[in-house]
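Dock chain B against the given chain A, drawing on the hints supplied.
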Amino acid sequence: MRMTTTENLRIKSLQIRMDLLKLIHGAKMGHTGGSLSNTDVLTALYFHVMRHDPLNPKWPDRDRFIASKGHSVESLWCILADLGYFPKEELSTFCQFGTRLIGHPNNKVPGIEMNTGALGHGLSVSVGMALAARKDSRPSRVFCLMGDGEQAEGSVWEAAMAGAHYKLDNLVGIIDRNRLQISGSTEDVMGIDPLDQKWEAFGWNVVSIDGHDYDQLVHAFESAPQVTGKPTLVIANTIKGKGVSFAENVPEWHHHVPNDAELQRAIDELTAAITNQDEGSVTTHAIHS
Amino acid sequence: MQSIPNRQAMCEKLLELAQTDRDIMVLTSDSRGSAAMAPFAKQYPEQFVETGIAEQNIVGIAAGLAHSGKIPFVTSPACFLSMRSIEQIKVDVAYSGTNVKLVGISGGVSYGALGMSHHSLQDYAVTRAIPGLTVVIPADRYETKKLTEALVKHEGGVYVRIGRNPVEDVYESEDYEFEIGKAVQLNDGEHLTLIAVGETVRIALDAAELMAKEGIHARVLNMHTIKPLDAEAILSAARETGFIITLEEHSIYGGLGAAVAEVTSSSCPVPVHILGIPDEPAIAGKTSEIFRHYGLSAENVLKIAQERLAKKGQ
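Residue numbers (full-length UniProt numbering), protein chains in the order written: chain A, 1 to 289; chain B, 1 to 314.
The set of hints was computed from the structure by calculation and includes no laboratory data. Quick reminder that beta carbons are idealized off the backbone N, C-alpha and C, glycines included. One thing to keep in mind: the hints can contain errors.
Part of the chain A face toward chain B, derived, beta carbon under 10 Å [as the list claims (entries may be wrong)]:
hint, residue
1, His-121
2, Ala-130
3, Ala-132
4, Ala-152
5, Glu-153
6, Asp-188
Okay, chain A solo, but in the shape it has when bound (with noise of 0.2 Å):
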């Protein structure tokens, strides 16, 4: 069942911020910035972009999602956990010794598809499994979630040029442009710009969107593939921390842990921005469509 509203994604991607945020105050380790910027890009995906379906995770014609940035994920465990692809409670190992549930997406956990983390992999494994899907005649669509920041991997750009070499029109990279990284801003650190210009010239078709905008994230991932026999790279242009006032843009959230005073004004603000806007209850079915 899909959700049918943009708002009621907006709605549920306060919620997981708030559960990231627990889970990092509790944890009291994590990345938090990084993690605030995507989770609309996965919200949209997860809940109503792709074919997916949290009681069969390794249904053949699934779409698959993978999360070359690995280090945000606490996104990711957050909605996987609100998908019912394990229990919400084990939410509270994050972290811990022996968990499953470790700082990088980690395939012992049903739902995810590779381990990822190490910068620059993600979107070769996606060419891969796309390549695949065609093969097989599956409707499987890929979906690889990038860094900015990530994009001074060289193994960024072999993939980019195999996806548009073998015309992988289900293939959908996606880049969190949030401009920071760790040390600062990306155009300080590593210029990347001029990014559409640069993917376009590697012979792919790029939407450049605004990664917190609803209408344009789901219009961007379902009208995918917008050109046959050409993968979409979506630039999402997003603010790192985004949700949290007082965390946006500042470079030092990218792995700085609430203390409780800022989880608790984080917590408030959020709910202020639910009860603001709620139009009604929100479903967390899985989708399969």
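Then chain B, alone, in the frame of chain A:
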């Protein structure tokens, strides 16, 4: 007797197996010629992927294919495949548990005259240190064919090293027991054991023959699987013969010799003489010339055995 190169033997077997197994795929990094996979590319274009000169990408793509049920054989020069894409091998293949067969071609000093950039003399050291990865090196064309068949059935990531040049046969046919992880005893003897791998197995057999003429009887083990290592065969050899010489086309650091010594040191500490390439950029030349330069020859193995046994007698 010179036969066909092992890379060609692998292609022949893959051509045969792909007739019935449509999941087998071959990937090359602008290396279909050097991997001897051009016939496969021609005959099974739907089961062939070219990535261009991109060793990180080729491993990632193979992991993605394997994740979707394919059996990908990545055939790429060993020097680049084993080192340049080692992180993809660690994360996308071993850690993620994907069924990728990584075939390092023209391994060891196959590209003898091209120098250290093209030699792969550290590949066992790095690949065997990765949890979950199997590491195998076939000795001749027959073993390469047996191995190729076993690889298709084997579930999990494997690194295979194969040489470039034709090598003398070790076996007479494919008619023998081959199992990944189980050494093949080619000769029995009580005075010492020669443990060899890949193209040095032939040298070990020749050495055993020379020794026999001198009244020295050597056990010869073909340790085609570096990982998981056949510890049982090694410990029996240590207990029953008391002295081991290892032979390999690899750095003396972290290869077969080191692996054998790791096993014997805790359970049955006998002397292990490790013959391989010392800690230097290997000298340039033909493979046979390089082997001879570093003492990877039947005559030198005989000499080492004689010296050791003379000491023992004192």
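Going down the list of hints, with the structure as the test:
The interface hint given for His-121 of chain A holds, since its Cβ lies 6 Å from the closest Cβ of chain B, which is under the 10 Å cut-off. A least Cβ separation of about 8 Å between Ala-130 of chain A and chain B falls short of the 10 Å threshold, and the interface hint therefore holds. Taken as an interface hint, Ala-132 of chain A checks out: its beta carbon lies about 3 Å from the nearest beta carbon of chain B, inside 10 Å. For Ala-152 of chain A, the interface hint is violated, since its Cβ never comes within 10 Å of a Cβ in chain B; the closest pair sits about 14 Å apart.
The closest approach between the C-beta of Glu-153 of chain A and any C-beta of chain B is roughly 9 Å, which is under the 10 Å cut-off, so the hint is satisfied. At a threshold of 10 Å, the smallest CB-CB gap from Asp-188 of chain A to chain B is about 26 Å, leaving the interface hint violated.
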